[in-house]
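S.K.: Given next are the chains, with one letter for each unit.
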Amino acid sequence: MHIVVTIKQVPDTSEVRIDPKTNTMIRGGVPSIINPDDRHAIEAAVRLKEQFGGRVSIVSMGPPQAIAALKEAISLGADDAVLMSDRGFAAADTLATSYVVWGAITKLNEEEPVDLVIAGKQAIDGDTGQVPPGVAMRLGWPQLTYVRNIQEVDPERRTIRVERLADGGIEVLEARLPAVVTVGREINEPRYASLPQLLRAARYQPRVWDRKDLGLDDQQIGLRGSPTIVAKVWAPQRRQRPPVVMIDASRDVDAAAAELLDHLVEDGVLDWAPAPVRAAD
Amino acid sequence: MSEHAPAAAEETVDFSDYRGVWVYIQQRDGVAGPAGWQLLGQAVGMAKQLDTEVGAVVVGHNVRHLAEEAIAYGADVVYLVDHPVLTKYRTQPYAEAVAEVCRRRKPEIVLFGSTNDGRDLAGAVATILKTGLTADGTMLSVEPETRILHASRPDFGGKLMSTILCKRHRPQMATCRPGVFEALPPDHSRKGRIEVEPFELAEDAITTKVIDFIPEEKHVDLASAKAIVAGGRGLGGPQGFELLQELADALGAAMGASRVAVNAGWVSYEHQVGQTGQTVRPKLYVAVGISGQIQHQVGMQDADVIVAINRDPNAPIFKMATYGIVGDLFEIVPALTRQAQALRARQQAGAAAPAATAPAAVGSNGTS
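These protein sequences, in sequence, are chains A and B.
All the letters of the first sequence, read from the start, carry residue numbers 1 to 281 under my numbering.
All the letters of the second sequence, read from the start, carry residue numbers 1 to 368 under my numbering.
Just chain A, with the same shape it has in the complex (with noise of 0.2 Å):
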């Protein structure tokens, strides 16, 4: 089987801070990661892999940086891993990454047919999870999202059977290879790197596709293949409270919290204890 998995690197947001001033991301000393859910889309390939043979093609869009995030896929198992960098990807919004990352599958199949492609369900730094029904519907593949296992993958009948996160319950489906599955934290617990993985990793020099490798059209990629625009960021305005009613629960705990409840009721948000009527002064 040849499986691709499509990843991206990302700032670590739990460590984002943001200048009040400007209102934008202080970047120095926030560390890049591969996306968290792209770890466990790589980990279910790799299993995949294990069991039927084959290999693991990681792509990725991003500046020459995010080189070191294909080297990590490398050593938690990926065979080889596709950087795609160019100036004109810059500023790409999910359309226009699809384009790219569609434009890379279409390449990688030609040089060997791709059974399925893996990807995180979203990213933490953008939190869309577009991408990948952009990838799906420019290939033509089925799409099977927030897919929390992999029942079977059946390379001669050419199916694959999962169970799908889908609203108010668990969706078996079934699709026809190839297909596009994405996947979050449910499926699996990602394996550590082995030390001949980290070795083969440091050593690993990924390729790099420009757009010109790729043979894109310029319209669609970048700022101009972009429809959308951030047009502006700004800092939400919290809703003004009053300041907090401490109770004080050191001495009797159950007449701070009856002290409580008569709060609430007082403002009426208990529903089953609606607020006494106040006679008129």
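Be a bit skeptical, because a hint or two may be false.
Covered stretches of chain A (in silico footprint by chain B; criterion: 3 or more residues with CB under 8 Å from a CB of chain B, positions within the stretch not fixed) [stated by the list, open to error]: (1) 123 to 130; (2) 140 to 150; (3) 165 to 174; (4) 250 to 259.
Examples of chain A residues lying across from chain B (beta carbon under 8 Å, computed) [unchecked claim]: (5) ILE18; (6) GLY134; (7) VAL230; (8) VAL233; (9) PRO236; (10) LEU264; (11) ASP267.
By construction, these hints were calculated from the structure, which means they are not laboratory data.
Even for Gly, the Cβ is constructed at its ideal location relative to N, Cα and C.
Given the coordinates of chain A, assemble chain B onto it according to the supplied hints.
M.R.: Here is chain B on its own, set in the frame of chain A:
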């Protein structure tokens, strides 16, 4: 270099044939989720500003009743695509159906709930139509002169908001977070049109089959809960959540949780409130053992009354709380459960006979 090319965004394009603010009505087995009705409530105001119609898109099989329901919730016109291959949600046929109606009818704005199925669908539709899609909007407005949608969404865990525009393409599309916008009360006397849209697709042209559907045993509906009791790191383990469940039952509340508690495996993901979980707007939110990081705040900051119970008097949750109790939650939560049960008992007794004997703590100003 192309990234510095003169902004093509300044070109003016004539979109005068694109009109209408549309909402996709997500349904399963003929039952619509709340997101569609909530977005119709928002669409009514925007359509009024643009002096245009509110449209609803209903896709499925035997779902005409949902078209009528959509009118009650504010749609002026419903585009109904009803076909046997659409009996169950599948991305490809649904995306083709929605895209085809958009091509034919030319809406200027199309909104979807940012549920799993809504995102799955919207991403595919926007790619077919080669238009802009904003993810997970929490604020929507329109500029009446330019007719441009301003869709704002939280970034970096809610530390910032970004306002996204789609100037040169139509329709302007967005997925929007459920629970943020409010549905109008349904008015079944409202009049609207139902347009039955032609659609043909052979089953064997569809590459995905639904083999089975296992409904969630107990659906946790935090988005529409009126009261929520939520627990975090301070609960220390699954036993803490058992304690919390007793309080939730006593208060008639749903149970929520912080990301820390969910990641630790103490409680399942559908309980998670916050940036990577659900956005809630209950009347009452009781945060127990939750420090109140910004990622959690963005999910619950619209609660009317917030109660914080925490050991650490400097926890950020106290800055946004209405009422705060500093102390050991393992003492406070059981006490609160006891008092709530007692209050409930008095309420029930009071319903039978006027509560002349109601303790001072409940009705100091005279209940009847």
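S.K.: Among all the numbered hints in the text so far, which are the ones the structure does not match?
M.R.: none
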